[in-house]
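If you read the sequences in order, they're chains H and X. For the first sequence, UniProt numbering assigns the number 322 to the last residue and increments by one with no breaks. For the second sequence, UniProt numbering assigns the number 578 to the last residue and increments by one with no breaks.
Don't take each hint at face value.
[What the hints assert, rightly or not] Some chain H residues well away from chain X (every beta-carbon gap over 10 Å; in silico):
id : residue
1  : Leu43
2  : Phe127
3  : Ala147
4  : Pro248
5  : Val314
[As the list claims (entries may be wrong)] For lysine to aspartate or glutamate, the following DMTMM-like pairs were computed, each having C-alpha atoms within a straight-line distance of at most 25 Å:
id : chain 1 : residue 1 : chain 2 : residue 2
6  : H       : Lys185    : X       : Glu359
7  : H       : Lys185    : H       : Asp284
8  : H       : Lys185    : H       : Glu132
9  : H       : Lys271    : H       : Asp284
10 : H       : Lys185    : H       : Glu105
11 : H       : Lys185    : X       : Glu263
Keep in mind the hints are simulated off the structure, nothing from the lab. Every residue gets a Cβ at the ideal spot worked out from N, C-alpha and C, and that includes glycine.
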Amino acid sequence: MATSQAAPRAFFDPWAHLPGGPALRAACEAGDIPAALSLTRALSAHDDVASALWNIAEHGLHPDQRAGYTLAVEAADDGTPLGRTLTGVRYVTVGWSIRTRQRAEHVSPAQFEQFFDWLRRAERVLFDVCAEHPGFAPAWEVRITTARGLQLGHGEARRRYDRLVALEPAVFAAQRVFLQQILPKWGGSWEEASRFVEECASVAAPGSLGPALVADHAIERWLDGERSVPSATVDRMRSAAAATVLHPEHTWTAATAVAHTNFALFFSIAKHPADAWPHFDALDRSPVEGLWNYYAARPASAYDAAQRNAAAAVARRRGRRS
Amino acid sequence: MTGQVQVRELFARRPGTTEGGLLFRVGYADETLPTSGITSLVVALALRAAERPGLDVGASVGPVVTEVRVTGTPDRVRTTLRDVALALSDLPVRHRATEARALAERAGEVVPVPLWRFGHQGYGLGPGRYLGLHRVTDGDLRAWARERFTAADAVVWSRGEEALGPEVPLPGAPAGSAARSAPAVPEAAWSLPAEAHAGGTSVIWDAVVPAVPAAPVLAEVARRALFQSLRHDRGWTYDVAASAGLLDGRHAAFRLSAGLRQETADQATGEFLDTWGRLRHAVPDEELAVARAHLLLTFDEPRQEAVWVREDALLTVLGRPVPTPAERRAALEAVTADDVVGLARQAWDTGLLVTPVREGWAGTSVVPRGAGEPVEGRSFARLDADAAVVIGQDGATLRVGAARTTVRFADAAAVVAYPDGGRLLVGLDGTEIPFEPTLHDDLTVSDVATLVDDRVSSELVIPVPRERAPERPDRAAIEQRRRSRAARRAAENGRSRLSRVEVVRLIAALALIPGLLVAVGGVAVCAGGLVLTLVAWIDVGPQPWGLPVLLAAVGGASGVLTWLCWRGLDRLRVGIRF
Chain H
1 MATSQAAPRA FFDPWAHLPG GPALRAACEA GDIPAALSLT RALSAHDDVA SALWNIAEHG
61 LHPDQRAGYT LAVEAADDGT PLGRTLTGVR YVTVGWSIRT RQRAEHVSPA QFEQFFDWLR
121 RAERVLFDVC AEHPGFAPAW EVRITTARGL QLGHGEARRR YDRLVALEPA VFAAQRVFLQ
181 QILPKWGGSW EEASRFVEEC ASVAAPGSLG PALVADHAIE RWLDGERSVP SATVDRMRSA
241 AAATVLHPEH TWTAATAVAH TNFALFFSIA KHPADAWPHF DALDRSPVEG LWNYYAARPA
301 SAYDAAQRNA AAAVARRRGR RS
Chain X
1 MTGQVQVREL FARRPGTTEG GLLFRVGYAD ETLPTSGITS LVVALALRAA ERPGLDVGAS
61 VGPVVTEVRV TGTPDRVRTT LRDVALALSD LPVRHRATEA RALAERAGEV VPVPLWRFGH
121 QGYGLGPGRY LGLHRVTDGD LRAWARERFT AADAVVWSRG EEALGPEVPL PGAPAGSAAR
181 SAPAVPEAAW SLPAEAHAGG TSVIWDAVVP AVPAAPVLAE VARRALFQSL RHDRGWTYDV
241 AASAGLLDGR HAAFRLSAGL RQETADQATG EFLDTWGRLR HAVPDEELAV ARAHLLLTFD
301 EPRQEAVWVR EDALLTVLGR PVPTPAERRA ALEAVTADDV VGLARQAWDT GLLVTPVREG
361 WAGTSVVPRG AGEPVEGRSF ARLDADAAVV IGQDGATLRV GAARTTVRFA DAAAVVAYPD
421 GGRLLVGLDG TEIPFEPTLH DDLTVSDVAT LVDDRVSSEL VIPVPRERAP ERPDRAAIEQ
481 RRRSRAARRA AENGRSRLSR VEVVRLIAAL ALIPGLLVAV GGVAVCAGGL VLTLVAWIDV
541 GPQPWGLPVL LAAVGGASGV LTWLCWRGLD RLRVGIRF
């Protein structure tokens, strides 16, 4: 009898909210990247495709089995735009794992050298995909990240974002990635970031995720030390949630879960736990990492505590009403 | 001139003014760095001898061909070409200083892309590089004119109403001599495409492709695509250029460029590369048709023989087959989209990218220079920077920060020698290593003479004037460099450098740890004492009150101390990474 030992599920399960997530995870854990690619090919929403690609590249295998994973991804590269893009994404994740998420001043020159080396490899692959298939949106999405890593400038990152928008007008993952580019920590400014958040909100179709970007922006400000959250920001966040993830016309994608978890985080740090509850509740028993790992050294317990706090606040509110 | 080669002559009849020229199979690729500029100066001196007021005459020096061109009446053209030839056979050098200065002033800003591809040799030497003129003597100039501007190396061409039958008394060459073949175009020793930090304010793609009819078509297709995206759609550039220029007759120098504006330089570079990169995969038929139609316009001109006579002369002097105008046209018409796409791939795979902004574009790396094994020898620290030069038996290494570049004396293109004793060792690959006695405490002028001058061929030494040596840095600057050097060394040794505040914190933490241990011990001992007193009170009977009161007081104080030490350590742990 064949025995298989299931890998222990992480607290934040990156596959949980992805359509066909369990099958994708199973394929990756079995090292069957071609199967994972064909499952990804079946996804229709661009945010789901982007999420699947980054998941396969980053969380594809149990940590104990990761040696040789890059080779496995390369071997599965079937020359299709999707296969090549996955190879590029894998290179990006390898590079970023060497660089770590620390701020630049805590990264050594040797780490940077290797990081740039992997990103150049990724950019070569993705550049070719975009040259040969200019209409293939997922590659443009990844190229926004390579532009940031290679420090090709805000103008270039914006150009790539615009190329993507011309193909797919509302990719929340891309909006989040470009927002990172123009934050002060990557050489941008809060004003520039605010303008972009406004822009994403103003061009969004009803129920689409554009206005939810304000949560990323507010959390980043909080993380940067701006600890007092004005009530106007809280009101704005409520209406952003109502216009996006809580909107009746909203279609659920993997990015919805990210938006929910970030709304939950925002309302938790803004000390409005009752407002956080609908978002915790929407994620049910499958927490999503979002920006929680930037918020706390132990994001899982922070998430747990905030979720309990939100549930208690809602219970108290109900108690008062009854 | 019996027994000697006669100059080859091409003539095509057409109405109007007469135009004629001399083409020589010599160019800057035939020079070396210590002779760089010699061809240009020879031509300038010869032209000076032939110039007259109002004469429409010009000259240019290319990589392998030098050209003199004149327009006017048949007599004027005939006389001018004769005078140039006469001057070349007996070069007047009296005004060399004036002409050399004029060359330098006219050189302008040239982005030295060929230098990055070929180094300080052959095709990497031009255009506009005149360093060698500091070294070449009058004798060298006259000898270069005599040896490289012979009848065998020349072709004279003209178009006009009457054949010139020009008398071109160039230096003779023995019968049977032919034009020298052009220097071979070497392949790059590193992986391409790559980036070249050649400066300028444009984004440039420079490549070497076979000289085939598809080359001008590709250049035109690329020019139109770049113009559409960068100029029309985005407005990020004012000028887009594309060319497939002459190299050795077998290869063409393919170049695309677009001027950048500072505020949009990033995105313009990205768009330039994406637009150009796409042509490696597809060239739409309609774009090919438009580009080809543009190139075919020349064939609508009457008197096709006259249109092409100069190009024919160029091929002749390079020893290449000369097609008829009809054959040229047919070759252009036969170019397919697949030909253009295939050539675009070659142009990509041999490409050098120049952009003044950022690096890592399209995943490329910068061309490696001075990358050889560092030499071992005497090390001389620089006073003005965290840098040092190491001079060994067979080369020198420059360390700036943690980066090291090396030039082996055997691979030196030249040594620039300043009158104050400073030297600049220039490697064939473009690496430069300065030896400036004023910028070192321990490197003297005589050290430089012994360790550098004596180890390179005297033919490579170019004496270059300069007004003064670099100024020795002041004491504050020297101290600043010393500190940055110490910081780098600490970082290289894998230790993170602690700031003064962190050192204080570390000492405080080390003092608090024994304090905490003592305080915890105090609490434990006092608690134990109290328990024993209680046991004795139960077992034996009433005990004196003094001891338990003392134990309680000391225990309480120890408890407070424990809490303080713990809080202190907790606070101090911030900022210190154990």
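Hinted pair lysine 185 (chain H) and glutamate 132 (chain H), Cα distance within 25 Å: Outside the cut-off at roughly 34 Å; violated.
Mind verifying the non-interface call on phenylalanine 127 (chain H)? Its CB should be farther than 10 Å from each CB in chain X. Violated, since 5 Å does not exceed 10 Å.
Would the non-interface assignment of alanine 147 (chain H) survive a Cβ cutoff of 10 Å against chain X? violated, 8 Å
Beyond 10 Å from every chain X Cβ: check whether that's true for valine 314 (chain H). Since the minimum Cβ distance to chain X is about 34 Å, valine 314 (chain H) lies beyond 10 Å and the statement holds.
Given the hint that lysine 185 (chain H) pairs with glutamate 263 (chain X), test it: the Cα-Cα distance must not exceed 25 Å. Holds. Lysine 185 (chain H) to glutamate 263 (chain X) sits at ~21 Å (cutoff 25 Å).
Going straight from one Cα to the other, do lysine 185 (chain H) and glutamate 105 (chain H) come out at no more than 25 Å? holds, 11 Å
Checking one constraint from the list: CA of lysine 271 (chain H) to CA of aspartate 284 (chain H), max 25 Å. Satisfied? The given pair, whose Cα atoms are some 21 Å apart, holds under the 25 Å limit.
Can you confirm whether the C-alpha distance between lysine 185 (chain H) and aspartate 284 (chain H) stays at or below 25 Å? violated, 33 Å
Beyond 10 Å from chain X, beta-carbon-wise, is leucine 43 (chain H)? Its Cβ never comes within 10 Å of chain X, the nearest being 26 Å, so this holds.
When you check the alpha-carbon spacing of lysine 185 (chain H) and glutamate 359 (chain X), does it fall within 25 Å? This hinted pair holds, its Cα atoms lying about 20 Å apart.
Does proline 248 (chain H) really sit off the interface, with its C-beta more than 10 Å from all C-beta atoms of chain X? holds, 39 Å
Checked against the numbered hints above, the structure violates hints 2, 3, 7 and 8; every other hint is satisfied.
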